[in-house]
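The listed protein sequences correspond, in order, to chains A and B. Under UniProt numbering, think of the first position of the first sequence as 1, with each following residue one higher. Under UniProt numbering, think of the first position of the second sequence as 1, with each following residue one higher.
Hints were generated in silico from the structure; no laboratory data involved. All values reported here derive from a predicted model rather than from experimental measurement. Be careful, since some hints might not be right.
Claimed, not checked - With a Cα cut of at most 30 Å, we get these calculated BS3-like pairs of lysine-lysine:
hint: 1; chain 1: A; residue 1: Lys211; chain 2: B; residue 2: Lys15
hint: 2; chain 1: B; residue 1: Lys15; chain 2: A; residue 2: Lys117
hint: 3; chain 1: A; residue 1: Lys60; chain 2: A; residue 2: Lys78
hint: 4; chain 1: B; residue 1: Lys179; chain 2: B; residue 2: Lys275
hint: 5; chain 1: A; residue 1: Lys293; chain 2: A; residue 2: Lys60
hint: 6; chain 1: A; residue 1: Lys293; chain 2: A; residue 2: Lys78
hint: 7; chain 1: A; residue 1: Lys117; chain 2: B; residue 2: Lys275
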Amino acid sequence: MAHMDATLGASPSGQLAHKPTGRISDPIFVGLLWASGLFVLVLLGLIIAMLFHGGLPALKEFGAAFLWSTSWNPVTEKFGAGVMVFGTLFSAIIAVIVALPLSFGIAFFLTEIAPMKLRRPIGVAVQLLAAIPSIIYGMWGFFIVVPLIAAYIQPPLIEWLGPLPVIGALFQGPPLGAGMLTAGLILALMILPFITAMFVEVLESVPPMIKESAYGVGATTYEVYRNVSVPYGRTAMVGAVMLGLGRALGETMAVTFVIGNATRMSASLFAPGSTIASTIANEFPEAPMGSLKLQALLQLGFILFVISFIVLALSRLLVRSKLKS
Amino acid sequence: MASLARRRATDLVVKAISTGFAALSIVLLAWILWTLISRGLPALGPQVFTNVMAPPGGNGGLLNAIVGSLLQIVVALVIGTPIGLMCGTFLAENGRGTRIAGTVRFINDVLLSAPSILIGLFVYQILVVPFGGFSGWAGSIALAILIVPVVVRTTEDMLNLVPIGLREAAFALGAPQWKVVTLVTWRAARAGIVTGVLLALARAAGETAPLLFTSLGNNGWSLDMSRPMASLPIAIYQYAASPFEDWVALAWAGALLITVGVLTLNILSRLFLAKMK
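Here chain A stands alone, though its shape is the one from the complex (with noise of 0.2 Å):
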């Protein structure tokens, strides 16, 4: 408001900015609006703080090895986060691989193809897939689509590709179903439509002249996408991306239901694997209060936290430097 004051305050009748009826009103009401600001603040540090401190005692039981370790034995007591954060990484990245190209294609479709008259309820209709609660995917994943995959897109698969050198690693065990691959396809449904609505936020604020300026030297529509429109946005265009890698790391229900829960780790894309917030879900019930495994889940939650701060940081410092230029 610094700008309200200094208009008032360089008229004649300054007086009046001291406002009258408002002399004890103000400062409380103002004050409310700065800790109120604030509380957003204090807020994501006690977050941090507190998963931090209350992980502690297992940071110091295994050491930074817990971090890397893979093994995670509630029997013996013994704990590492290597295979949930191998998981969390490895989902969200078949997520982000699935969900770019269609990103992609449905932008290109939503700003350049489609009849004016069909934009909007197209671009709600896809936007609608992020409305949708994460428990939903959840059932609609582990009743319809891991059967699916386990009779249909499993079996060929392992046969015609399992075999082979060096990917067909990636091909093998058994058709469960459940596993990286269902995990990772669910996930891109589910951060598709925040990747599209940024992609096509930015491909409207690219200027029509330049443009107008590639159509006017023949080129195609894909032509002056791909050339023009893409590399004028990419910035903003890679920070969506990581906005959708940010939000496929942490998301908990859908994964625990099509992940398979185990706590092995496997280069497959069929295995059963977990993932950070899969692992807390699942386990949680079984970790009593004050115990090691406990301590070892609020462990694993802070390690979340860094990696989806960094991811979802880095996406607003790319999608906001492009905005202002």
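We have chain A; now place chain B onto it with these hints.
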């Protein structure tokens, strides 16, 4: 450079694929909705709304879960909305252009997308552990923390749409800032602020993970906010993963209810927003 015919062909192929992708996303949305309707509707008898949760085969419903969810969401809204509203106002009015507002906005954006399960763990640490048990209050606080960033974001965006001249006119009449904000700015942005609250409501209604560690769930009837409390998402989670057919059917009924509610709120908020702009 490739021949014109070839470039035109590429253009066509890419357009076809893109249109196909858009169609695919709509088909997937329809598929999810169809699954919910075809499995949820047959199970959605009156007992869902009149009976509390019961053991398998006990003709149970979801009444306690529905009421528990509503109660926790209302309390979360009562706590979260004022904070979000004030913080959003701070960003749009007092903090505009300052460094601290930039930081608050940045952190708020991160919180907006932060894993909700961690909010649950956080509230577990600050409320459940010290006070010795799971409670409806803890669930409400967790949901409130999820609501705040949504309200902050929309409030700020909407207040930024209010013309400066409107505020200046009010200040020129000698109104103190609290009157300018509450009687002029908020009023002008009313529809937009309501949108934010509806979106926040939609988000809170479907959240499951944060409630696992806070209100826990409760199979019996309870309105006591200081004890573990049932909620629709937790009931669905518990029932969907069970081996009992009638429980799974109830889970689908609950899933249909939640999805219809959330999508309705979402579409309503879009209508409000269209009115605002």
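Tell me if the straight-line CA distance from Lys211(A) to Lys15(B) falls inside 30 Å. holds (17 Å)
Does the structure keep Lys15(B) and Lys117(A) at a Cα separation of 30 Å or less? holds (18 Å)
Between the alpha carbons of Lys179(B) and Lys275(B), is the straight-line distance 30 Å or under? holds (25 Å)
Next pair to validate is Lys60(A) with Lys78(A); report whether the Cα-Cα distance is within 30 Å. holds (13 Å)
Satisfaction of hint between Lys275(B) and Lys117(A), Cα-Cα up to 30 Å: Distance of about 18 Å is within 30 Å: holds.
30 Å Cα cutoff - pair Lys293(A), Lys60(A): This hinted pair holds, its Cα atoms lying about 13 Å apart.
When you check the alpha-carbon spacing of Lys293(A) and Lys78(A), does it fall within 30 Å? Satisfied, since the Cα-Cα distance of roughly 9 Å is no more than 30 Å.
Taken one by one, the earlier hints all hold for this structure without exception.
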